[in-house]
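Novice: Join the two chains, each given in its own frame, into one complex according to the hints.
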Amino acid sequence: GENVEQHPSTLSVQEGDSAVIKCTYSDSASNYFPWYKQELGKRPQLIIDIRSNVGEKKDQRIAVTLNKTAKHFSLHITETQPEDSAVYFCAASILGDSSYKLIFGSGTRLLVRP
Amino acid sequence: NAGVTQTPKFRILKIGQSMTLQCTQDMNHNYMYWYRQDPGMGLKLIYYSVGAGITDKGEVPNGYNVSRSTTEDFPLRLELAAPSQTSVYFCASSYVLMQGSTDTQYFGPGTRLTVL
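Keeping their order, the protein sequence lines are chains Z and D. Start counting the first sequence at 1; every next residue gets the next number (the working numbering). Start counting the second sequence at 1001; every next residue gets the next number (the working numbering).
The shape of chain D in the complex, shown without the other chains (with noise of 0.2 Å):
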């Protein structure tokens, strides 16, 4: 198994461009999630999606955008390229049983990005 694997690895946008970042997870997992993290700080959700055609805000959604058409794949959308959005972006996928009882979070290679 491959994990969770994000593209791309780096990329340079310039402010008010648009891009699409990548995750795929091969290990079946029901729940994916995109955090970012900002230098020497922690881990902030953005969106999650507890299974195909299902998405949710996390705690910063704004300027992002996500879709999840297949369990496999759960792109997140950047519109309108901003400084603060200036970040490394982790997406993570998990197995969630429907009774309440949660695995852990498996983290893809991040995707580091800059806006200038």
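Chain Z on its own, in the form it takes in the complex (with noise of 0.2 Å):
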């Protein structure tokens, strides 16, 4: 079945530098990736999202890159700060019978140090 998948599973990194998320999809008409963030407690919330007609978009400290050949794409938090510090969820478009649904990966915990 379609799967994504998501590395690292954790990340630590400290305040300033630069995080990098990865996601690898399997159905190749997807076309549609959002990037969630969720606090602890917290509901998942939508930070950027891509489409598959576009390679990369940008918003302030977040990006997020796209390659379809290879069916990656990737978020990029630069100069990071602590309340960064989050579970980033990376998701992917399914159609099936008519119907969209999105595939989540398994959520990365990243850790911002002071």
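It should be emphasised that the hints constitute simulated quantities derived from the structure, not laboratory data. A virtual CB, placed ideally from N, CA and C, is assigned to each residue, including glycine. Fair warning: there could be bad hints in the mix.
To be verified - Distance windows between CB atoms, simulated: (1) D:A1082 to Z:E15: 40 to 50 Å; (2) Z:T78 to D:S1018: 48 to 58 Å; (3) Z:A29 to D:G1051: 36 to 46 Å.
Specialist: Printed below as a string of structure tokens:
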């Protein structure tokens, strides 16, 4: 079945450094790739997304890149701050039986050390 | 807009009891979803709905039932609760164009369920 693999499962960086989280998807028809941030005890919240007709998208310190050929997409956070500490989930859209779903990666726990 | 709302926030059930988790969205989204998130884990799709009157199973539907009688509401029913259903339950909604372009999913605040 379709799946999304996410790496690493945990990531610890020094404040000010960059963090990169990578995801691989299996369905070549996937065309929408959101990234969610989930703080402890809270709901997942969208931080950035990218569609398959775009290779890169940036929003201040956050960027996402997409390589459709390799079926990879990555989240890049620059100048990390302690408030970036959270669990980050990638997801890929799946089209099945005329309906859309998102398949989520297993999450990356990011710790930014002050 | 309140977005996606869920009730209750917390609930403790005894084994074998039943309950309904409520979910409402006021964004006129056609798609609604139920996920469960076990401690330290990712999101697993239980059921989803593409519109009023239409529901379908996700990855982990066993032990749950849903209905979608209106665009706004998508309740999740647990029958005969088991300890394995201890989890945080998130409802989400999104707008999907019939041509195949999906928008992001917006999540509710979650319901923390413990089955003892």
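Novice: A separate judgement is required for each hint: does it hold in the structure or not?
Specialist: Results for each hint:
| no. | hint | result |
| --- | --- | --- |
| 1 | D:A1082 to Z:E15: 40 to 50 Å | holds, 44 Å |
| 2 | Z:T78 to D:S1018: 48 to 58 Å | holds, 49 Å |
| 3 | Z:A29 to D:G1051: 36 to 46 Å | violated, 22 Å |
Hint compliance for this structure: hint 3 is the single one not met.
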